[in-house]
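2 protein chains.
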Amino acid sequence: METMNGRLDRRAFLRGGAAMAAAMTGATFVESAAAEPLADDPWSLVPGTTVPAYGVPSRFEKNVARTLSNPQGEPRTQHGRTPHHLLQGTITPNGLHFVISHAGDPDIDPDKHRLVIHGLVKRPLVFTLDALARYPMVSRVTFVECGGNSAPLFSKAPIQASVQALHGLVSCAEWTGVRLSTLLEETGIDPKAKWLIAEGADAPALSRSVPMTKAMDDAMIALYQNGERLMPGNGYPMRLLLPGWEGNMNVKWLRRIKLVEAPAMSYYEARTYAPILPSGQAYQFYFLQEVKSFITQPSPGLALKGPGFYEISGVAYSANGRISKVMVSTDGGQRWGQAALQAPVLSKAFTRFRMAWNWNGGPAILQSRAWDEAGNAQPTRAQIVAQRGETKAVPPVTAFPSQHYNGITSWAIDGKGEVTHVYA
Amino acid sequence: METMNGRLDRRAFLRGGAAMAAAMTGATFVESAAAEPLADDPWSLVPGTTVPAYGVPSRFEKNVARTLSNPQGEPRTQHGRTPHHLLQGTITPNGLHFVISHAGDPDIDPDKHRLVIHGLVKRPLVFTLDALARYPMVSRVTFVECGGNSAPLFSKAPIQASVQALHGLVSCAEWTGVRLSTLLEETGIDPKAKWLIAEGADAPALSRSVPMTKAMDDAMIALYQNGERLMPGNGYPMRLLLPGWEGNMNVKWLRRIKLVEAPAMSYYEARTYAPILPSGQAYQFYFLQEVKSFITQPSPGLALKGPGFYEISGVAYSANGRISKVMVSTDGGQRWGQAALQAPVLSKAFTRFRMAWNWNGGPAILQSRAWDEAGNAQPTRAQIVAQRGETKAVPPVTAFPSQHYNGITSWAIDGKGEVTHVYA
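Protein chains in written order, with the numbering used here: chain E, 422 to 845; chain B, 422 to 845.
Calculated directly from the structure, the hints in this document are not laboratory data.
Some hints here could point you the wrong way.
Which copy is meant is left open, because identical chains are indistinguishable; a pair holds if it fits in one copy or across any two.
Stated by the list, open to error - Below, computed lysine-lysine pairings styled on DSS-like, alpha-carbon distance capped at 25 Å:
no.	residue 1	residue 2
1	K615	K543
2	K483	K615
3	K483	K533
Bear in mind that the values here come from a model prediction, so they are computed numbers and not experimental data.
The shape of chain E in the complex, shown without the other chains:
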């Protein structure tokens, strides 16, 4: 059952426990139970804490937190990154969903907030939250990813940082709200409308242009995130949700949708998301967060504790639909084995992949590579760099290219079990 370099293939999982048990025979990380009775721990001998009206994690989990780029809220952008190495499954809990906020999170009174839809419509309308609550709703699990997520991987030398620092600007949640197309059928659409401008109620009035094709496809006015109202940092009380598209376009604190003939060339589409390619052309109006994966366990900071069995696990996702396959290598891409995909595999959502691995204690390089149902393969880092260029700066990354990195990530493991970021 063991394959190259200790990798245990997907069939071991599909066959179930017997195969796994065989692989773990002689596992040194489990203690035999002693014959004496089980001792009581101190917390079993006293009453516990009172159940709160709103639950929060244990005090022992205080390091499971977003890392903040601007913890004092100085007048510049704030990033809060998701600690993927400390999470499991596919849902990002609301407290840990990534946030990018350009002037802090506005403190919006939902009873006073309004959404206006106007411009090239037949009947401009203003929607209160109460009015939106009466429309048919839809729910879908989908990821949101910042276009700048993984930007450190454009640097010439691999930056030593955790998966949180490198890939923490993507998260996945169940969102519920009203389809934008439902509201646009209420307003009517002037056939001249080809784009819409979505504007937020944050201080910079962040605005982005969105093609009407996406608006009429799967765009949603999201009101709920994993069952409860949106978090303040994720757009409370409403945001535009464009499944699979660049995070910045999923305008938070949404207050206006204006239908127009041509894009507005707003700040983010004219500057931040218009990097110059090696060819000299601007890479503008690319919207999809294309097929990508990364390994979350093991990863830097999670050292292996001696040889033997481990599970290699991570997330894969694509704006082009479902993940069809994830391959994992433990030898830097020479040989690959197919990972198990956790069901259900949903379109434009995190898919958790898992691969059993029997580490022999020697050096290894872990990689994952994903494919989507549209036939797209996650590129190697070399392929991405050939297309987009490479930054010269080692952090902070200030130079282009810095957007839409979806290449392979490599984790090296040394003989002591330490994990580092490498290019391989």
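With chain E held as given, fit chain B onto it using these hints.
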């Protein structure tokens, strides 16, 4: 397109927005946009709040909270109930997952906590959290429901309370952990073992007997809840998860699994979950939380604001697999229409159902009824009461029967739009 009493059937949803828009033409709950420019709200004119390391809901959502039966933590059971009428979708956010705690939530140090598996095994073993982290994991979305959820509906007269008070002891999350069968293959199983006793590390050392068939089927040692470690009230750092089975058996703060020949007849299985039926026999060792549904919107406390379009929405679930169909009535069960089911429809998980409704402003009685893929139909209240009896007490409900109510719930709407709980 309109059917009996304003119900709009599932086909209206499947046809999409055009049909809905037709139903909403002339909606009086949307304002026309004025010609003048959009005014800036005060929160758009100042910097917002700093992004926190762990996000919490907006201060305007403070009433979206669990209701507590014992908020001072007196020495008796504490219940925290999920506010289903204020939630949407299928995932219950971790802060709002229901909790029942018999002596508060123990403050467990995860580095010191141990899980022992012993009894009729070949090799008794002790597992640390670090050791469990090395085993293959699985994720699944599943509901957990207290056997006593919905007990107020056994009372002779309908109790006027919210859906949170009546049905708030069920929630649904994505759980990740290690299959119990994986660990039992490590310990080996003596063929004489037919049951296991699961014991928690809370002060009462809550214990329940579980058949080995469930242990080897889909039982999990759950470590993560919606991506992050379990909440303290939901069993941190580990719990037994028995998808679809009575909540109390999903032993929280799990510290021991002992394989045995026969059930232990512990407190909960000998007393609480052994009610006497009208036939005089004890109703004991019934484990499944059978097919059930209830409407969350509209529901008591969420008054309708004038005639016109509303979405009727709720959750359905079954321990016997996927929900196959949900029917909704607006006239107290005389006529039924098929609700739309939100995809993906997962086994033993919440399924959100939705039905468009054009309220004519007159009296109505809303009901939902679910079927599962095993062919089970949610019973009427009359059917349940005929089998199990009816309590004489109006709250507090102290008399049997009080367990495993899965009958239909009815909400009456009067001419003013007020919603009350009725038997119909």
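For each hint, the structure was consulted:
1. In this assembly of identical chains, the alpha carbons of K615 and K543 lie at most 25 Å apart only when taken from the same copy (15 Å versus 69 Å across copies).
2. Taking the shortest Cα distances, K483 and K615 never come within 25 Å of each other, neither inside one copy (47 Å) nor across copies (41 Å).
3. Proximity of K483 and K533 under a CA criterion of 25 Å is satisfied inter-copy only: 17 Å between copies versus 35 Å inside one chain copy.
Violation of the numbered hints given earlier is confined to hint 2; every other hint is satisfied by the structure.
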